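Protein chains: 2
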Amino acid sequence: MLEDKNQARTSLSELGEFGLINHITKHFTLKQTSTVKGIGDDAAVLEASEQQTLITTDLLVEGVHFDLSYMPLKHLGYKSVMVNLSDVYAMNGSAEQITVSIAVSNRFPLEAIEELYAGIQLACETYGVDLIGGDTTSSTKGILISVTAIGKVNKEDVVYRSGAKDTDLIVVSGDLGGAYLGLQVLEREKQVFQVNPNNQPDLDNYSYIIERQLKPEARKDIPKLLQELGVKPTAMIDISDGLSSEIMHICSQSKVGCKIYEDKIPLDPQVISTCEEFDIDSTMVALSGGEDYELLFTVSIDDYDKIKANPHLTVVGHITEQAAGMNLVTRANQEIELKAQGWNALQS
Amino acid sequence: MLEDKNQARTSLSELGEFGLINHITKHFTLKQTSTVKGIGDDAAVLEASEQQTLITTDLLVEGVHFDLSYMPLKHLGYKSVMVNLSDVYAMNGSAEQITVSIAVSNRFPLEAIEELYAGIQLACETYGVDLIGGDTTSSTKGILISVTAIGKVNKEDVVYRSGAKDTDLIVVSGDLGGAYLGLQVLEREKQVFQVNPNNQPDLDNYSYIIERQLKPEARKDIPKLLQELGVKPTAMIDISDGLSSEIMHICSQSKVGCKIYEDKIPLDPQVISTCEEFDIDSTMVALSGGEDYELLFTVSIDDYDKIKANPHLTVVGHITEQAAGMNLVTRANQEIELKAQGWNALQS
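For the record, the sequence lines run as chains A and B. To convert, note that position 53 of the first sequence is 53 in the numbering used here; the numbers rise steadily by one, no gaps. To convert, note that position 34 of the second sequence is 34 in the numbering used here; the numbers rise steadily by one, no gaps.
It is worth saying that the hints were derived from the structure and are not from the lab. Each hint should be verified, as a subset may be incorrect.
As the list claims (entries may be wrong) - Mimicking DSSO-like on lysine-lysine, the simulated pairs with C-alpha atoms at most 27 Å apart in a straight line are:
1. B:Lys220 x A:Lys255
2. B:Lys224 x A:Lys37
3. B:Lys264 x B:Lys220
What the hints assert, rightly or not - If you want the ones that stay clear, here's a sample from chain B, every Cβ over 10 Å from chain A, calculated:
4. Leu73
5. Tyr160
6. Pro201
7. Asp279
These numbers were taken from a predicted model, which means no experiment stands behind them. In this text, a Cβ means the ideal position worked out from N, Cα and C, and glycines have one as well.
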């Protein structure tokens, strides 16, 4: 929320489209053996493969998906890659390439675009994916980022949303609700800052949940872990809209019901303490908060012994017959129907 | 430019994101055998292939790339697919799938989005490509479309921009300049309409060039034709920014020069007559106009006999040594240096 007024500002129109593309992509190196040709021709070329190809795309719009008053551009670049890689991992695949298209208004100088691409580059290096193409244009308002991720998966390993069976266990990676609460803290600090710009926020007590919001990590490790454990999920999805909305996708596509146990939902201590401070129910935050980018999957009950002791994985419930509906079993042992209350981009 | 005030208007927020996606994609059917899974999971899944994969993406922004006061939404949908397929064909490949992401402000009712997707669907059916994914979100202003196209090419058939050799012939498909002139006619009619909304424009004399602007066709037929003729281009690019800019890309990536002969540039009679009417030089329009989506390629001089009589192809010049520069030979037999004056999205 603090801006350096002396920072250099280079106008994008000085460079032109091709100059800008050259400038921002010169630091990117290709690492994947499957990338035959990256940026610089009419299309990128990927090597033939005995594996299946995964394709996923997401669009992030300023003022709808992010607020630059507390989202640094470097983090935005990183996160825009994460939300796409997360979808590839949710198919039990490995991500290999991305394309990134941006539309920016002329209020952004070159240095802002460099920051954005520094985050994209960090994500590429950390996750071992190649930037192979994209488009760079102007917008009449704000900034917009469209990322497409390309991945690979063995035909026998691909996991859809539709394979969950009655009695399967429902498992989540990591913990839930942090990203949503981090956003609440950032929104509160933004309002404080608007009243008193000299106020220096003390965010030490919220470092984990703010990082979950600003710099989420896609769970590249989970498909690998599952392979090592000898477990193939029956269904999988990434948690972008909250546990409730995602399990409902799995249930409706698998034509099954589910029971989620409230006391099993994994929550970080900082999520619990911040929920108390904000007087919000932590279960609601986990069910409906969104943006955690953890993986939600189902496994056969026969695989329970393989996953039960793993610190990355938590069994939160089980699949039922479709007729039993989709329910949350509360701490008071009451069953209440799950509702999708995930954040809906079209309602904003 | 005439709006039916009585048309139905359904608010997008009534449907929600998933409702909208279901509504607009239910009419799309999958035709490609390579599409294992289309819309409806975290990522689309494409079959393994012995061919290389081509990936290309373009972003179209209202107020930058198109003006809805004369671009019907159905045409916009069609064109947004064409500009991407054109890039796949420019690699000498075949297009198989697309993803389409849109951001729309709430000024657009559902019926507008249906029109847009009707154009996308028509393009998919006409060109035999599958819509396999995308993202649908709101924007704070206007409409924005991001399309990614996925194609296939045999490793030995792929054509880059970088393979042109001294003495190669320079060839274009179709004719040039029409799309730019069509835009000039539409801009003029828009201004007339603003002065007198009751004026009914008579556009019969401009039907070809207006269609070139509003409903361009990507040259799917050219890679097929070249294969039938037994010709593999040494370099190829699609003409989105004008002949001048595109041949300069080929020359710089191939490290060669070129001579383009003014009197060889293929022009439709309607382009010539409209240039006279607007008092613009038709050569400048072909060199710098852009949006024609024809293919520009180079072939060995040994292939001349195979292409010379083909009505779809015109030899417009030849490749030279790099030291000779990139030149236009005028009708008066003067050599002038080519300059890239293609339309630059970042200058607007």
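Do the hints match the structure? See the list:
The suggested pairing of Lys220 (chain B) with Lys255 (chain A) is violated, with an alpha-carbon distance near 41 Å, which exceeds 27 Å. Distance restraint check for Lys224 (chain B) and Lys37 (chain A): the Cα-Cα separation of roughly 23 Å lies within the 27 Å cut-off, and the hinted pair is therefore satisfied. Under the criterion of a C-alpha separation no larger than 27 Å, the hint pairing Lys264 (chain B) with Lys220 (chain B) is consistent with the structure, at around 24 Å. No Cβ of chain A approaches the Cβ of Leu73 (chain B) within 10 Å, the least distance being about 18 Å, so the stated non-interface status holds.
At roughly 5 Å from the closest C-beta of chain A, the C-beta of Tyr160 (chain B) falls inside 10 Å, breaking its exclusion from the interface. Listed as outside the interface, Pro201 (chain B) is consistent with that label: its C-beta sits roughly 26 Å from the nearest C-beta of chain A, beyond the 10 Å cut-off. The non-interface label for Asp279 (chain B) is consistent with chain A: the shortest C-beta to C-beta separation is roughly 28 Å, beyond 10 Å.
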